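S.K.: First residue of the sequence shown: 1, per my numbering; consecutive thereafter.
None of these hints come from the bench; they were simulated from the model.
Here the structure is a predicted model, which is why all the values come from computation and not from measurement.
All residues carry an ideal CB built from backbone N, CA and C; glycine is no exception.
Be a bit skeptical, because a hint or two may be false.
[Claimed, not checked] Per label pair, the in silico range of CB-to-CB distance:
hint	residue 1	residue 2	range
1	E89	H41	20 to 26 Å
2	A49	R114	31 to 37 Å
3	R63	Q96	25 to 31 Å
4	Q16	L111	20 to 26 Å
5	Q87	A43	17 to 23 Å
6	T38	A14	33 to 39 Å
7	D30	A76	55 to 61 Å
8	E89	A14	56 to 62 Å
9	A29	F82	46 to 52 Å
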Amino acid sequence: MAEQSGPSIAAIQARQTALASRHDTATDADRVLSEVLTSAHAAMRDSVARLDAIVAEIDHAVRNQAALAIDTPLGASEFQGFLVAKQREIAAVVAQAHELDRAKRAVLESLRTRYAPSAAR
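Work out the full structure, taking the sequences as your base and the hints as a guide.
M.R.: So, in structure tokens, the structure goes:
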């Protein structure tokens, strides 16, 4: 009977070690996932705030067209320059969001293997 319990205890300990390692891996993956989601959410909120500020500037300029003398060639040219600058700002916000998306996607893809069942590894 002592011979049967020896391998069983060793097998149980090996399984416990494997489970503890898998738990540690999942815990680390959870931490990384939490950081990715938190930073992505913060970046999204920042992007929305920047776009809202741009919209507010454009709305303000449109409401105050008379003060900008848009009906004159110089005023129209300045307003056009203003709108082009705002378009560039919007494009920069969108480009930064795309870059962040690529970076976060790469991190999330790397997490897949950490969450995969040990038989699939």
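S.K.: Now tell me, hint by hint, if it's right for this structure.
M.R.: Here is what the structure says about each hint:
1. E89 to H41: 20 to 26 Å: The hint (20 to 26 Å, Cβ to Cβ) holds, given that E89 and H41 are roughly 22 Å apart.
2. A49 to R114: 31 to 37 Å: Given a distance of about 33 Å, which is inside 31 to 37 Å, the answer is holds.
3. R63 to Q96: 25 to 31 Å: holds (28 Å)
4. Q16 to L111: 20 to 26 Å: Since Q16 and L111 have Cβ atoms about 25 Å apart, the given range 20 to 26 Å holds.
5. Q87 to A43: 17 to 23 Å: Between Q87 and A43, where Cβ atoms are some 21 Å apart, the hint holds.
6. T38 to A14: 33 to 39 Å: This hint holds: roughly 36 Å between Cβ atoms.
7. D30 to A76: 55 to 61 Å: holds (56 Å)
8. E89 to A14: 56 to 62 Å: About 59 Å separates the Cβ atoms of E89 and A14, which means 56 to 62 Å holds.
9. A29 to F82: 46 to 52 Å: Cβ of A29 to Cβ of F82: about 47 Å, so the range 46 to 52 Å holds.
Of the numbered hints stated above, none is contradicted by the structure.
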